[in-house]
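Going down the list, the protein sequences come from chains A and B.
Residue numbers are given in this note's numbering: position 5 of the first sequence equals residue -9, and the series is strictly consecutive.
Residue numbers are given in this note's numbering: position 185 of the second sequence equals residue 171, and the series is strictly consecutive.
Hints in this document: simulated from the structure, not taken from any laboratory.
It cannot be assumed that every hint is accurate.
Just so you know, same-sequence chains aren't split out, so a pair can sit in one copy or run between any two.
[Stated by the list, open to error] Restricting the straight-line Cα-Cα distance to at most 16 Å, the calculated cross-link-like pairs of lysine to aspartate or glutamate (EDC-like) are: (1) K84 with E102; (2) K84 with D66; (3) K73 with D95; (4) K89 with E102; (5) K84 with E74; (6) K99 with E142; (7) K322 with D44; (8) K99 with E74; (9) K73 with D97.
Given the structure is predicted, the values throughout are model-derived calculations rather than measurements.
There are 2 protein chains.
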Amino acid sequence: MSKAIPSRNEDYSLWYNELVKKAGLAENSPVRGCMVIKPYGFAIWEKMQQTLDKMFKDTGHSNAYFPLFIPKSFLSKEADHVEGFAKECAVVTHYRLKNDEEKGGVVVDPDAKLEEELIVRPTSETVIWDSYKNWIQSYRDLPLLINQWANVVRWEMRTRLFLRTAEFLWQEGHTAHATKEEAIAETEQMLEVYATFAEEFMAVPVTKGVKTPNERFAGAVETYCIEAMMQDGKALQAGTSHFLGQNFAKAFDVKFATKEGKDEFVWGTSWGVSTRLMGALIMAHSDDDGLVLPPKLAPIQVVIVPIYRKDEELAAISEVAEKFKKELQARNVSVKFDNRDTHKPGWKFAEYELKGVPVRIAIGPKDLEKGTVEIARRDTKEKQFVAQEETVDFVTNLLEEIQQNIYNKAASFKEENTRTVDTYEEFKEVLEKDGGFIYAHWDGTSETEEKIKEETKATIRCIPLNSTSEEGTCMYSGKPSKGKVLFAKAY
Amino acid sequence: MSKAIPSRNEDYSLWYNELVKKAGLAENSPVRGCMVIKPYGFAIWEKMQQTLDKMFKDTGHSNAYFPLFIPKSFLSKEADHVEGFAKECAVVTHYRLKNDEEKGGVVVDPDAKLEEELIVRPTSETVIWDSYKNWIQSYRDLPLLINQWANVVRWEMRTRLFLRTAEFLWQEGHTAHATKEEAIAETEQMLEVYATFAEEFMAVPVTKGVKTPNERFAGAVETYCIEAMMQDGKALQAGTSHFLGQNFAKAFDVKFATKEGKDEFVWGTSWGVSTRLMGALIMAHSDDDGLVLPPKLAPIQVVIVPIYRKDEELAAISEVAEKFKKELQARNVSVKFDNRDTHKPGWKFAEYELKGVPVRIAIGPKDLEKGTVEIARRDTKEKQFVAQEETVDFVTNLLEEIQQNIYNKAASFKEENTRTVDTYEEFKEVLEKDGGFIYAHWDGTSETEEKIKEETKATIRCIPLNSTSEEGTCMYSGKPSKGKVLFAKAY
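Build the full structure now, drawing on both the sequences and the hints.
Here you go:
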């Protein structure tokens, strides 16, 4: 087969797009900006979903489902929120079509105009807090810990598969609490959940931090985020967790009776990750031959490819292969035995490389003679012969090793491409020459932040959580700075 | 607590609505016709989803995701389909809002009108077959077996929680095959999957059949269905599986090269069940005290309620309760130990009755003395004392027994309320007096079917699959009939 994906050095952006399509992950749809998530891509997303869903439930959250549509007037209730979200969105104005008597086909029925337009949810704070008003009366109803898996729509003009699409899939957690402290603790807890998921499952190291006011979620008091580094050195925001203060409680009049019998506004949080994580996963690890998937999120962890000429050979190989398959499955390893006679082994090797299957076992007649198999790992492309009786143990360990190795590789890359600068000249030089993450002093003003963005396209990704307070001077304005912040060009 | 749900005899319809709300399953939202599925209701839906999803995967299907929006022109491509689906739907005409300078708030930006309106999917055949055109070239690409879990919108004028809502959640399977026979086999297989799910998990006995041309899915050659009986004797269509022939392949020009190298149109199927199943589950089993849930779909299968006055008593009870919890969980039984001190045992008993928790274990100081617990089953309300060392085995068996008993009860009810009539007079009398399912001869014409519907509100639910061909005369027209069909009033 011709894989025909360009190399990363050649054209990183084209490499990504072609990889997404050729590996069968997603494709553009006839609807502008909306993607089709294909079965193999969706299988990875399902693994992400299942893992995250369990983490949410283990931290006490329940799932629920709220309407797709939001009445237009709801968006205006929280002043900052409307500024940030109400603009580029899909608007439903009519509820009926009718036959077009003149031209055939169907046209919108002008008599079926909605009294109030409905917005396809770009995020659900408004419609959810409108419900919370009825669900919360007393401190006994708190905390309210709810998550929703849903599709949302934001009318993006420039779209890229997974990274930025008009419709995307996500989860959005929306919680309500009796105290500010508890809401902040929840916001931080969910950031930890996201960071753990990114590092332990996606094998993507992340930097945790808070956004500057400029980059904050519209309606939040504080936005926490995790930032990952892609192989081109650009940053990708992989998850956000917002402390909403009492903003939405005030906008939707959500009060509760305290133990002492006083009426107080509820404290809120919201947090989300989306199919954008697919983009992060793909871009963080994959190479010029295709996907590299961490075993914990690979739909197929092990593929067994028989190498044979005669049917008797296939029969003998199948016996061994099926035994491995059964034993590995008993250890919760997902295995595919690809015994299709429509494709040659070489084609299959390339196909599973493209699809990022972590471990490939090849078995031929000579292996049967010698009691061995050939095992190839996708991450390093190393191959070796292993005795059949050791194969199951070997593969089980190898999967763990690959998971760790992929993470280590990404972590080294991130470390090597993270630099600290003192002057704006140096900043521009490093950004131009090396890219990556750059720590530098900033005076804390939106003005400076925006000028740097205008001049260099780099943005403040976050004020890192682990940074120690350190007096200095802003590289741009020379004004006092209380600590270095993280700059990068970003997706 | 005051349960305050009306009895079924009093007002079946109100009983249902109040039960759905009071048990915390769902509620109406501020968006006309759209519901909010609350955490407890969603937990049941998740169990349904997980079970069905496994059944779909076990029969070779993969999940994928297609766009929420469908270009208006797509709907017109299959002539019957547009008639059935393109009318009552949500139409997106604009993609931007702007600040209203005069009145405040936001208004639709007239400059952001879409060239072609987008329809929020009422079902996805059109957008999916448009993709299949690119996915299918040769017989090697077939069968294509795909399912999607999604939200869909149909602009219903009269809505009822779960049973008929403007937005609902569902799964829609869309498959493509090389031969007619294979597509029909798939259609029938998925009907079997639905019937198995309804009977073995929901504990709802169903009648399998095919729809008359009048009731067929718009665009299908044949629609198979399962029909369930609710406690008021009305029928509820619980799932449909459609043989699409080559209709959508022709509308979207989806051809494949056969092994012999000829170009042929692909054969299709589609099949779906929705959150409507929640309505069926609730209405089939519940009683005047609340929900009755089959253990296999109950989010909480066993609740343990401590009965105590002093803290030392609670401590001693907790020790026993936690031990049961651990042992039952090891057997995959979901257990809640409700040790809240904010509510009395009597309140808790009523609450878990309302929520349909299949088994309740109460433990008090006397039980500790005697080494017993009190076990109450929700379906029959029977209570008995059981020795502590037998409790885990007893409960495990009891859950199975309850699952079976709930099914048996529904099956007896269905049998008792299924009648056969020979004349139209008798038909009307039975329908008026007893309701339920009625088998009668029908001449096979749409005309007769519609007249009976007009005059009695009963519809032909299906032509049962297991009916033996039996010559007779139509109860309405006196014309020849080839067999009895199933009539009922329906949801």
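Structure-based check of all given hints:
no.	hint	verdict
1	K84 with E102	between (21 Å within a copy, 15 Å between copies)
2	K84 with D66	between (39 Å within a copy, 14 Å between copies)
3	K73 with D95	between (25 Å within a copy, 9 Å between copies)
4	K89 with E102	between (30 Å within a copy, 15 Å between copies)
5	K84 with E74	between (28 Å within a copy, 9 Å between copies)
6	K99 with E142	between (26 Å within a copy, 15 Å between copies)
7	K322 with D44	between (31 Å within a copy, 14 Å between copies)
8	K99 with E74	between (21 Å within a copy, 12 Å between copies)
9	K73 with D97	between (26 Å within a copy, 13 Å between copies)
Comparing the model with each numbered hint stated earlier shows that all of them hold.
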